[in-house]
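Novice: Same order as they appear, the protein sequences are chains A and B.
Using the numbering used here, the letters of the first sequence correspond one by one to residues 1 to 258.
Using the numbering used here, the letters of the second sequence correspond one by one to residues 1 to 441.
Hint data in this document are derived by calculation from the structure and do not stem from the laboratory.
Being a predicted model, the structure only gives us computed values, none of them experimental.
Glycine is no exception: its CB is placed at the ideal position from the N, C-alpha and C atoms.
A couple of the hints might just be wrong.
[To be verified] For each label pair, taking beta carbons as the anchor points, the in silico distance ranges come out as: (1) 255/A with 244/B: 35 to 41 Å; (2) 30/B with 111/A: 34 to 40 Å; (3) 122/B with 140/A: 54 to 60 Å; (4) 74/A with 305/B: 51 to 57 Å.
[Claimed, not checked] Calculated pairs, DSS-like style, for lysine-lysine (alpha carbon to alpha carbon, straight line, at most 27 Å): (5) 125/B with 2/A; (6) 128/A with 77/A; (7) 168/A with 150/B; (8) 139/B with 2/A; (9) 271/B with 397/B; (10) 2/A with 77/A; (11) 397/B with 418/B; (12) 139/B with 125/B; (13) 2/A with 168/A.
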Amino acid sequence: MKPRVAVHKFSSCDGCQLAFINAGEALLQLATLVDIVHFAEAGYADEEAVVDIAFVEGSISTPQELERIRTIRANSKTLITIGACATSGGIQALRNMHDTQQWVEGVYAQPEVIALLADSTPISERVKVDFELWGCPVNATQLFAVVRSLLSGVTPLLEQETVCQECKRAQTVCVMVSRGEPCLGPVTRGGCGALCPAVGRDCYACFGAAPQANTAALAEQFAAQGLAPEAIARRFLFINSHSEPFHSEGKKWQGEGK
Amino acid sequence: MSERREVTIKVPLLTRVEGEGALELRIREGAIAALQLRIFEPPRLFEKFLEGRGHEEVLDIVARICGICPVAYQMSASHAIESILGVQPGPWVREMRRLFYCGEWLESHALHIHLLAAPDFIGFKSAIEMAAHHPAEVKRGLRLQALGNKILRTLGGRSVHPVGVRIGGFTHAPSRESMAELLQECREALPEAAALVRWLATLELPDDEQRFVSVALHHPDEYPLNEGRLRASDGLDIGIEQFHDYFRESHVAHSTALHAHYFPGGWAEEKVGVPYLVGPLARLNLNFAQLPQAVRDNLATTGVRFPSRNMFHSVIARAVEIHFALLEAIRILENYAPSDTPAVGVTPRAGVGYGCTEAPRGILWHRYELDGAGKVVVATIIPPTSQNQARIEADLKSSLEQLGLERSDDEIRLHGEKVIRNYDPCISCATHFLRLKVERD
Numbered sequence: 001m002k003p004r005v006a007v008h009k010f011s012s013c014d015g016c017q018l019a020f021i022n023a024g025e026a027l028l029q030l031a032t033l034v035d036i037v038h039f040a041e042a043g044y045a046d047e048e049a050v051v052d053i054a055f056v057e058g059s060i061s062t063p064q065e066l067e068r069i070r071t072i073r074a075n076s077k078t079l080i081t082i083g084a085c086a087t088s089g090g091i092q093a094l095r096n097m098h099d100t101q102q103w104v105e106g107v108y109a110q111p112e113v114i115a116l117l118a119d120s121t122p123i124s125e126r127v128k129v130d131f132e133l134w135g136c137p138v139n140a141t142q143l144f145a146v147v148r149s150l151l152s153g154v155t156p157l158l159e160q161e162t163v164c165q166e167c168k169r170a171q172t173v174c175v176m177v178s179r180g181e182p183c184l185g186p187v188t189r190g191g192c193g194a195l196c197p198a199v200g201r202d203c204y205a206c207f208g209a210a211p212q213a214n215t216a217a218l219a220e221q222f223a224a225q226g227l228a229p230e231a232i233a234r235r236f237l238f239i240n241s242h243s244e245p246f247h248s249e250g251k252k253w254q255g256e257g258k
Numbered sequence: 001m002s003e004r005r006e007v008t009i010k011v012p013l014l015t016r017v018e019g020e021g022a023l024e025l026r027i028r029e030g031a032i033a034a035l036q037l038r039i040f041e042p043p044r045l046f047e048k049f050l051e052g053r054g055h056e057e058v059l060d061i062v063a064r065i066c067g068i069c070p071v072a073y074q075m076s077a078s079h080a081i082e083s084i085l086g087v088q089p090g091p092w093v094r095e096m097r098r099l100f101y102c103g104e105w106l107e108s109h110a111l112h113i114h115l116l117a118a119p120d121f122i123g124f125k126s127a128i129e130m131a132a133h134h135p136a137e138v139k140r141g142l143r144l145q146a147l148g149n150k151i152l153r154t155l156g157g158r159s160v161h162p163v164g165v166r167i168g169g170f171t172h173a174p175s176r177e178s179m180a181e182l183l184q185e186c187r188e189a190l191p192e193a194a195a196l197v198r199w200l201a202t203l204e205l206p207d208d209e210q211r212f213v214s215v216a217l218h219h220p221d222e223y224p225l226n227e228g229r230l231r232a233s234d235g236l237d238i239g240i241e242q243f244h245d246y247f248r249e250s251h252v253a254h255s256t257a258l259h260a261h262y263f264p265g266g267w268a269e270e271k272v273g274v275p276y277l278v279g280p281l282a283r284l285n286l287n288f289a290q291l292p293q294a295v296r297d298n299l300a301t302t303g304v305r306f307p308s309r310n311m312f313h314s315v316i317a318r319a320v321e322i323h324f325a326l327l328e329a330i331r332i333l334e335n336y337a338p339s340d341t342p343a344v345g346v347t348p349r350a351g352v353g354y355g356c357t358e359a360p361r362g363i364l365w366h367r368y369e370l371d372g373a374g375k376v377v378v379a380t381i382i383p384p385t386s387q388n389q390a391r392i393e394a395d396l397k398s399s400l401e402q403l404g405l406e407r408s409d410d411e412i413r414l415h416g417e418k419v420i421r422n423y424d425p426c427i428s429c430a431t432h433f434l435r436l437k438v439e440r441d
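Excised from the complex, chain B in its bound form (with noise of 0.2 Å):
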């Protein structure tokens, strides 16, 4: 690196992720000087704004914090009231929650793949100019999106901040006929999920093999949805209760959010932390032997092999979700008979409760703490994103002095880009996420 010269590259606004972010870069003497993602969506203080509502209404509130995961809020949120309620919803709850996540994540994973990675990977500036030249792959990409959005609409009445789930359980059954006509459109979607899978292992991804930490539910019986402990790939294996013995959120003065680290000997014995990952990849990289031998088996015939250290990797992750996302569905619509009793009852009590669970975009961590009434007193939500936030700036450092910080600005800001992308940040989830301007002497 014998090149002298002193460059900052700005991207003022990030495209094709959810929110509002920007990347700044400053490079002196080829070595990165100063990195920072910055998020610029206001906060808009849910956690506050939850204090002091009823536990049935909190569904409706968290669902708010994002249009694109509003389930995975909703889901969190149910787990964690009906632990401090003492509520068992039983078989049937079970399993249309896990239907109802495999909407949302047929739906977010389809729309993330098409509509925001694959421009990067094929080499155009949107999706909609991408569909003049490869129609085929674009329309199925949006048929999977829709059809995710039709499963949410079955069990939720609308796919944006769904109406029909309750703490205890869903608001109605729907009706045999229609989930039959769901069931039939899955077993026809089966093999655009396969193909999608297929087609997405040919492209020409980067080869950007990386150290990290991967981080995700683990459940002993199936792929992980809304149940399971909390394990990392160096072993770490705990209840979810416990996610804040191991896991710390903090405000840094040179970022712009607050990056979440992981104390692998435990927050308390610890001073300091490392980034780690959740989502699509860290959750194959933990889960792999857990998925349907059909969706392994499909997988097997493009030479991608999981666990896998290419971040990249993450966009095949993704479509290996779609493929599990469906056949999971179809499962359940099989065996579906619709229930006397889509909710059980719940009684107010006082306590504090926990939810985990698999959002899109990685482990959605969520505490409650309700009052004798069943009025929420403290709300604490730990948005996939701001996890990855950590993770995401060291993954930046590391590819693009991989690429060469000697190429040109526009080769620099637009892997920059793609690397960021790559980890489908949701920045709207903002209940932590923040402008932070920095006061320097």
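Isolated chain A, as found in the complex (with noise of 0.2 Å):
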């Protein structure tokens, strides 16, 4: 019998799930060797299926999505996340830092009809979580060798290494020593290939925190290079903001500024 696959989805922009939809013929390809019994916007509904593999993706913050979340653990023999969403909680949990109540009067005239969570968490805060891929968004690489893996029954291999490192070997000129720009390659986790400073620009981790990273070492380098406090916590409560090392290393500099 084939593996049944579902793809969940909570708060989040889609654009993980996309490294699906926007696989072309490997998408087809799949579907021959998985049975895909959840996939809202690929045309699966049938949300509470049992299944060898959930993939989810997106952040839990709202009492609904805390309960769906539950159920699919239930259901579910392995469960992935996908993405920063799913595995940090996300751009969303800038939130966690505000009153979260105080920024929905704000923005919508009925405020007391919404029922939100007090903070945008990763999935890991709520159920225990297999398998974690990083990056704003996860590219169908990651995706795509995680299936494999599983489907031969072997351990995935998760990135380690930073996008630092894979941007020597990429052989790209460092945007941080040859234009000052405040790189996050030298604590951010690998996978995307170093995209950013192939553009031309610094990295902004949205591939979220290598394992070991000294974030108060490149701080400190930021701060020498003038940059600003305030600007240095930006820097690090980002796309990743309620993970670790991140949220301190920026609370520290945000108190800094004030």
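Using the hints, build the complex out of the two chains.
Specialist: In structure tokens:
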């Protein structure tokens, strides 16, 4: 019997499931290798189905989402988060550092009718997660590598090196050394192919922190290059603001600025 | 309508749309008693966390509103912020932005036609099922989608949340070689795009003439992408900064989403607004004459005419725009030369600016207020699906009544879903969408 697969969406932009939708013929091929039972955007709706592999996009930000993820966890043998929202809370976790209620009141005429949890959180803060794919967005290479590993009964190998290492191997001219750009490549998890330096700009850490990232040293370097404390804070408190060590590093410099 | 029955039809999770929504319909004694397109995409509050951010961070933030049309968000924001900073990026950047946008139209339209809409018209649950019976058509669609993504990658580094744009232009100029390769692929795809238009015209689309107001950008010299004045099919012709004088969003209690309405006599003068349509059909209805001759000639062979009041011509309008986007991409690529200054420098200053561009799903309106350091003070973002929301509900009422409410629940549900999907609603654009729990006495 073919493995049963589901793709679930929570608070997100839909961009990570596009790694499937944009895969072209690989998507058609995937459908021959597995049984896709739930994937709303692709036309499959059986949210409570019992599956072998559940891919989860998006963060948990409402009481309903919290209920849903618990059911999905109970129904899924392997649960894999795809992307920054599901893995770290995402860009919408920026609200966690503010009074969400006040923000809602600032945007909506009837704030009392909006049910939001106090924080936008990664899936792993709510249920057990088996594998986490970082990236805003994840790409097809990451996604299909995991699918292939699981189909072959092999534990997926996840990215451990930094963007900086990928960038050096690609022999891209360093944007920090040559132009003084506040590049986050030295502390950011690889997997994107060091895209930003390749197009001539600084990495902004959309793949989250690399294992053992030395954010303190990099932040000091930014300061030495003349970046204001408040701007250093904003570098770390961005796409993955809710995850460590970015959260603490950002908060430290935010405090400095006041 | 003599049949007396009360039925409630619920589609708890709409499939083949971007984001999460549901349809609820109550029919009482042969008439629609209640109809709601429910949006339960949680609000992510983008407008709030833009506040305090530097103008140089805005493009990376707003891209995250929508994975399917990030370029549209980046373009509307670029124009708005550049207008505040008094920057004119020049002809090279202007052309590259048009090319970039063509890539997004190609990707988004091809995705919608083949993966989301076409299964409805041919009778399949999904494109994956459809591919087993119509492999040539589905694969052609996937190729066009992939080509759009390749244009996006060439200029933006990646197709979802591109990294190659900045205020003032682009971070880099692609090499001649990479652009020559794109040109070659666009030329090869051109006959496929023309064939796609002709194929869709042979499908049995429902004949559903409706009265509605079309709203789109209009530019005297070209088919609109990044620039133009706002026009409506009733004769309105305004600058984009006047948008809020005629269009307003409101928080209506019976619905789960903010609805935008058009006030033809001006917001200040009128109490009740009307629904309006944005997107490919509205654009084509207002800009047919701006299309290249080759696009109009190909369409003429099909017998389908624009302007059109048949909402289901939206899917053909999308294909026509794919044909246009390819021709436009070819024109730009044929004249390509790398620039030494892919972006102009900017200096922060305070002010208010507006941006309105044609996202694949229709006009995307932004307003920003920056302080003297170039940081965002206030941001307002009005996505196209929020504007189509009221129109979709009006359409559902009229199409389901035309279909016949005596039909079986399954038929009504299927047709309702088809009507909604036809608008290509992008529910993830959750700046303004919310789950609304209505308390009733």
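Novice: A separate judgement is required for each hint: does it hold in the structure or not?
Specialist: Hint check:
At about 39 Å, the CB distance of residue 255/A to residue 244/B agrees with the hint of 35 to 41 Å. Judged by the Cβ atoms, the range 34 to 40 Å given for residue 30/B and residue 111/A holds: they are separated by roughly 39 Å. Range check, residue 122/B to residue 140/A: about 27 Å between beta-carbon atoms, so the 54 to 60 Å window is missed. Range check, residue 74/A to residue 305/B: about 54 Å between beta-carbon atoms, so the 51 to 57 Å window is met.
Between residue 125/B and residue 2/A, the direct Cα distance comes to roughly 20 Å. Compliance with the 27 Å bound is thereby established for this hinted pair. Our distance criterion of 27 Å between C-alpha atoms is met by residue 128/A and residue 77/A, whose separation comes to about 11 Å. Restraint check for residue 168/A and residue 150/B: satisfied, since their Cα atoms lie roughly 25 Å apart, inside the 27 Å limit. As the CA atoms of residue 139/B and residue 2/A are separated by approximately 24 Å, the hinted pair is consistent with the 27 Å bound.
For the given pair, residue 271/B sits about 23 Å from residue 397/B by alpha-carbon distance, which is consistent with the 27 Å threshold. Between residue 2/A and residue 77/A the CA atoms are separated by roughly 14 Å; this keeps the pair inside 27 Å, and the hint holds. A threshold of 27 Å between alpha carbons decides the hint, and for residue 397/B with residue 418/B the separation of about 13 Å falls inside it, so the pair holds. Of the pairs offered as hints, the one joining residue 139/B and residue 125/B holds, with about 17 Å between alpha carbons and a cut-off of 27 Å not exceeded.
Between the alpha carbons of residue 2/A and residue 168/A the distance comes to roughly 41 Å, so the proposed pair goes past 27 Å and is violated.
The structure shown violates the earlier hints numbered 3 and 13.
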